[in-house]
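A.B. asks: Those protein sequence lines, which keep their order, are chains A and B.
The letter at position 618 of the first sequence is residue 618 when you use the working numbering, and the numbering goes up by one with no holes.
Going from the second sequence to the working numbering is simple: count from 1 and add 787.
Do not take every clue at face value.
Capping the alpha-carbon separation at 27 Å, the derived lysine-lysine pairs in DSSO-like fashion look like this [unchecked claim]: (1) A/767 / B/1031; (2) A/568 / A/587; (3) A/453 / B/834.
Treat the hints as calculated values from the structure; they're not laboratory data.
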Amino acid sequence: MPKDSGIGASPKRREDVRFLTGTGNYTDDINLNGQAYVHFLRSDMAHARINSIDTAAASAMPGVVRIFTGADFEGVGGIPCGWQITDKHGEAMQEPAHPVLAQGKARYVGDAIAAVVADTAEQARDAAEAIELDMEELPAVIDMKAAVQEGATKVHDDLTSNLCYDWGFVEENKPAVEEAFANAAHVTTLELVNNRLIANPMEPRVAVGDFNRATGDSTLYTTSQNPHVIRLLMGAFVLGIPEHKLRVIAPDVGGGFGTKIFHYAEEAFCTFAAKALNRAVKWTSSRSEAFISDAHGRDHVSTIQLALDADNNFTALRTDTYANMGAYLSTFAPSVPTWLHGTLMAGNYKTPLIYVNVKAVFTNTVPVDAYRGAGRPEATYQLERVIDKAARELGVDPIALRRQNFITEFPYATPVAVEYDTGDYNATMDKLEEIADFAGFDARRAASEAKGKVRGLGVNCYIEACGIAPSNLVGQLGARAGLYESATVRVNATGGLVVMTGSHSHGQGHETSFPQVIAEMIGIDESMVEIVHGDTANTPMGMGTYGSRSLAVGGSAMVRATEKIITKAKKIAAHILEASDADIELKDGQFSVAGTDKSLAWGDVTLAAYVPHNYPLEDIEPGLEETAFYDPANFTYPSGAYACEVELDPETGKVSIERFAAADDFGNVVNPMIVEGQVHGGIGQGIGQALLEGAVYNEDGQLLSASYMDYAMPRADDLPFYQVDHSCQTPCTHNPLGVKGCGEAGAIGSPPAVVNAVVDALQSMGKDVTHVDMPLSPARVWSAMNE
Amino acid sequence: MYSFDVEKPTSIAEAVAALGSDDEAQALGGGQTLIPTLKQRLASPSKLVSLSGIAEMQGISADGSVVSIGGATPHGVVASEVAQSYPALAALAGNIGDPAVRNRGTIGGSLANNDPAACYPAAALASGATIVTNAREIAADDYFDGLFTTALEEGEIVTQVRLPVPEAANYQKFVQPASRFALVGVFVAKFADGVRVAVTGASEEGVFRWAEAEAALSGNFSADALEGLTVAADGMMADIHGSKAYRAHLIAVLTKRAVAAAA
Ligand SMILES: Cc1cc2nc3c(=O)[nH]c(=O)nc-3n(C[C@H](O)[C@H](O)[C@H](O)COP(=O)(O)OP(=O)(O)OC[C@H]3O[C@@H](n4cnc5c(N)ncnc54)[C@H](O)[C@@H]3O)c2cc1C
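This is chain B alone, in the form it adopts within the complex (with noise of 0.2 Å):
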């Protein structure tokens, strides 16, 4: 890697001040994607400014409805921590990487870097959460914009991410054989309002909604509701592990199979 300074705040004021500082530096939160990048040399930031350090950030509150969790949480503490309040979401984190990447990486890490392959996208969407920035609030609907682009501006940290519990849900991951992150994976939220299916590691577009699907689900929450259901092969992504059309398919069978479990 190519040197760099390292900043450590222990506010969040304090970290958006040393973010804004320098046109070249980076938040840094559980390092488990930006650290190979600079290893690679594919990076080079003249500062990593460390958010592991504010406790603001840090910790998971539940009232019910509503997890609320600090955008410095690490996989590992929601795993365990969201057991009983949101287990789907406890189950997704609890199937991230190794115990070493959920030790590490986090929440906030995960929704800003947006990887088409990551599972947190998939929960955020599927939630209808609201990602909180030192700025602002985001909608999940409004904040995930392609491949590795979000809503965030230059310098903006995501300090907590709030999500509606829903009455029933329920994360299929059919992992990649190599890198372990989904292949496809199929968050599907059943609330009182109506159902909500988001779809991670297929589109070219990143994370997504499948809209028919929901409207399906909202009728009857069955996995017969979506006999017949199938989404376009055209627009998904391609790769050694899989074709357009392979993809496609997997998500009509992890959503039948995330409704199976859920209801």
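Same shape as in the complex, but just chain A (with noise of 0.2 Å):
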């Protein structure tokens, strides 16, 4: 029977019914007294030197309030990075500066190169039109192996090159992985570009800056992942301001899928200006802007080699890639291909042997950061295209070679630094077995020809690393911040709680999910339990949501805070009840006396703790209000096998999905159907980067796929209907929980089954393809067909 309230029950969304009635309250829809609006005008070339900026006729223009440039940011900091690595030769990387407002020279087609804020935002479009820029074109940089010729144009005169870093890990293994594919039986080398995405998150940026001249307060409303974060990289590393004097809220997020974790000049312009002008300024991104001004995510381009021994165990991965970060480096972007990929190469496999390069270049583009996955996305696209590739060189059954080298043992310390705790890749893939139904398969596939299509089956494990992270662990591999998270429970007098989180929901449904923890532990209705978030006024120091981190690290917080509560709540039962704390018992929000008939209810304790007339004030104090911080212990490992079956139109190339099956282990659930609901959602950015998802430069530096008039986003009629299964639960042991994180599984392991099944429909036509780059549009895989 599932239960219908608590731990592991499927109530419906609280947050949606405002969601879905118009009833959010988003950025955008706050408007503060006499604000003003900004308009940035972006540059249209990728590269060019800014010999002048003549603001005179456009600062005459009707509401213009003032026009900033980057001369007015001289003296403020620049946008800083959070992640520093360090490159295998033990140099730091190279870091350009990253000013509010281009200064110099303008680095990509949408780097912002004057800021005008008048009364209206029409008023300010108009100024910014009539902004008289003198601009020299410079060649523009876009192809991340020609940058880092010698030689190549610099897209910054101050570094040495537009090498970012080269980064080898585990540097000392190299040797012995070398060592390893002189001596190996088989090896099987594939080449292949992990395409750049644009996030499209529904909502688009905002930023809404604002100044108490009265009492020197700044603050800023922004669609923010992480609102804490960017008070402090604003705060101290931007603006100048002390954390007391500066209050970020995120309220309501329309999505975010990374994009948004980011600190971005245009929330620091907003703040700034603010306190310039003594005045509100708002910013509203249009479509079209967030095409140019939102960090883009992916762009890999590597090659993998695995090595096999004669009875086909995997012996050694190698793997060279290149990471554009774009012109600047965003707040995380140096971690994304290398902590979070090249600590995933291992995957679901005992490789004893690993070696990872990457060289992180810069372009003139937007910059890349994480994209929901996040560099597991690209290492298991990688590993898993190449084992599929293996299995057709060796003439094995694909399956059957992941069997053969999945890692059966827990704890495992993989050859890239990390522990994975528990899991059971067999155990998943035997329930892909039986979802997928591949025992059907062949008559699918007969059926499929009838029709003169052509049917392929892929399949895939994946592993993730997730509830980011271990403080310790980060900052040694150079990240400048903790990924600890925080929670405040404070109880009010007549028993309902209210729960102050450090992560942030913008889709993820914490509002629903956290209190059904919160009821499991106290015995109480979930509805006495509120959620709120995204303030940092009135929330405890939080490091936000991202890299599927919630529940297991904020949740953790939770549960930390609420067993203090529990532990007070007892002592208060104690004194009334006249017993020992010991012998008191929390079940169905009753505290009882072991053994006794003798018990309270939650609310008179919770009442008696604000009412403190019969109360023990000489052990404890009043109140019933509680915060932990909770630094995770390890990552956490989910894991899942995936299959993808697609139909494939010989004569025009055109793939459609035609099943999709996702065997999951995420540990314990909570929430079933909203676990189902993130799977379903990752899934379908999954395919969509896998068939349609695409951002183009030309070597102009001119982002071609820049609407949706060019850039495919997964439609509903792209997606199939999708078989998916989280039955499989090794629970993770080093969190209260028990629970692992689910928000970015269905990305990460999903392009490799699509992709992989691709290859499998083209092999059975008898095409001579091994692998075609995504998105796997019909034109591209017409081409593959017919080379």
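Using the hints, put the two chains back together into the complex; each one sits in its own frame.
C.D. replies: Now the structure itself:
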């Protein structure tokens, strides 16, 4: 019987009432008295020297309050990067200055050159058109491999080259890896591109800066996944405002997918300008602007090699990746191709020797940073594609080859610095074989053939490291932040609770799932628990939501705080019931003395905490409010096995997804409906990457896919009905809930399944095609068939 | 967008006068192309003259051999009202954009705009339609004049489109994955006196008739008649969604499919 409340139940998402009835409170819904509007004049050249900016005529336009340029920010800090990578020679990465508004040069199409603040948004835009720019176009650096050639034009003149870092991992393993390749019975090599993506959350970015002259306080309302991180980065590094004078509010946020983690120049600008003008300043990104100013994702070019012995055991793996950073380092950009990618290269397999090389490259393109999965999809894609190719070359069943090489004993220390606590990869593969109905595939293939279509089946596994992250570990790896999470649990006098969490919900359903945990712990109704998040003024310092960390890390903090509440409440109950603390039991919202019929309701105890007439005042303070910070001991390692069936039109190259099955192991599951929704969404994005999406620049650095006319987002009819299962559960061993996180799995696990399936279809037609780069558009698949 | 005035006349004569009185005035059909253009500030008309309040430009009549569609009739109305009289045209209209686009966008606007990836131009050309304006009647063969260009003069309004109804017809649209306009679209129409094949989405010259296919099909209206016929890749468009060769290939595939579906 499914439960109807608490952990394991699937109550409907309470936040959906406001989201679905148009009563959410998004940043663009916030309008302050007397606010002005900013329009950013953005470069239409990918690389250009700014000779002069004449704002005289524009400043005289109706409604213009002030026009800012890079010169106004000379004394102000630049946009900081939150992660420093040490290269394979032990040197720090090259880190260019990242001014709020361009200084001297524009470095990508979309780079903000000037900002016009006016009474209305239209006036600001009108005046921006009247600014006279004298720009000298320079050769653009777009292709990563060309960018690191000797003599290439430099994106940043003061850096030694366009190479941000050349990272080797684990450098000491390299000779052993090379030896293993020399001794291999078989080596499979694959070159592939992990296509550049644009996240396209439904809500574009918005920022409203405000300044209170009477108190000297600054406030920023912003579309962020992590308001405390923005407060720290912007306050400490850019504007020099201490945290107690700066409040950052991220109210309802309409999707983030990673691209709303980062601290953006527009946020700093609005906060800065509000103070300079003593007037609130608002910026709302248009959709066109989002394409050229939101951080992009992925964009790796890799060569991966897998070595096998004569019995088809994986003996070594090596991979070389070029990772595009874009023109500047976005907040977490350097960590994505390194620590979020290299550490995942073991996948689900006991490959003993692994070497990962990553060259991060500056180009005249929009900065690239984390996008759903961040690094882990890139690792999984390489690994699962090369295994599939190896199976074909060796003429063995791709599932059998995977099973043969699965890690089966836990904990397992990989050769790439992480230790998997639990998992059961054969269990998810068994489950997949069942739900995907592999037995019926031949019949389905025959049915497709009868229609003139070609059917293919692709299978892959994935592992991800999430629940990010142990602070001391990431500190050693170059993070300039801790990655704990926080919660304050406030119990009100009449028994209701408010949880102020450092996690941020922008589609994940925390307002529903977090109360389920508390309700279970205390034995009260979920409706007695309210979640507050997204405002630095009323939540403890937290690191926000990304990396599938909210329940595993933020939920753990909430559990720890609630445990403190329960401990204190038991003391109060013991006092009133004249028993000892140790004899008090809490069940179904009742405190009772073990072995007696004496009991007290939850509400009686909470009331006593605030009306302490009969209360152990000499031992404990009145009130019932506790805070906990939780720093995880390890990452969590969700895993799974995915299968995709495609139908290919041999005349046109069009691929349609006919079936998609996902067997995931997320450890314990709090709200199965929300988990399924997260998996559905992730697979949708993964299929989008595999078949449709691709940000394409021409050689001059113009973004060709700069609107929905050319950037193909998945639509409902591009996607099949999914078979998803999460009944294989190996609980995480190191967090109190035994949860692993499910937010990114779908996006990590699905692209290789789709591509493996298409290659299978092509091979079944007798085509000698071993790989097609994503997105597998009809034109690309047709070209591959006809080469 | 820049600011502009709006007029909403109720007769063709008033609309023509309003457009004639101001060099910078522009007709507004359903706005599905024009409004996004204005939002991006790519055009700056002084005045928009809306055609949607003109009763004589709305609606459809069919007399068995010809379907006449008012120039301001939205795609959604065409999709439902010609379902019996000209099913291939109804199917084409019902596959343009999404419901919002179909409820606003008009046949006159589509033909005036002549987007090289639009659907209606293929139907008009393959049907041998007559484009009726406030001033004259233009045969479809004389109307389309390359990308986004037509025989229309400044201020001339498409008031009606008359499409002869073929004995058999079919439109095959292969969608561009992002915009879902036609990457290539082929409209095949079989009349008593011959077959017409019009291709959209493919050529650098815009919508065109594929003469070889027409000749082959006029003798033998079956997909087999097209065996071996190809279109040269030269002169086709190329972009991130498809090469010249791919578009040329699709024309042959889609023409066969259209014939098979129509026959
Ligand atoms: C999301 C989306 C998807 C679409 N998908 C497709 C598709 O798959 N296939 C397709 O064919 N089209 C598609 N379209 C285009 C759509 O069909 C438009 O409706 C059409 O191109 C323009 O018609 P309109 O009535 O909206 O014209 P408007 O946008 O109002 O005007 C377009 C131009 O025509 C002029 N004009 C308008 N009416 C007349 C008239 N009666 N006489 C003279 N000039 C006139 C205007 O001055 C303007 O220059 C799509 C549009 C959108 C927004």
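A.B. asks: Decide, hint by hint, whether the structure agrees.
C.D. replies: Going down the list of hints, with the structure as the test:
1. Restraint check: the Cα-Cα separation between residue 767 of chain A and residue 1031 of chain B comes to about 23 Å, which is no more than 27 Å; the hinted pair holds.
2. Under the criterion of a C-alpha separation no larger than 27 Å, the hint pairing residue 568 of chain A with residue 587 of chain A is consistent with the structure, at around 15 Å.
3. Simply put, residue 453 of chain A and residue 834 of chain B have alpha-carbon atoms about 52 Å apart, too far for the 27 Å limit, and the pair is violated.
The structure does not agree with numbered hint 3 stated previously, though it agrees with all others.
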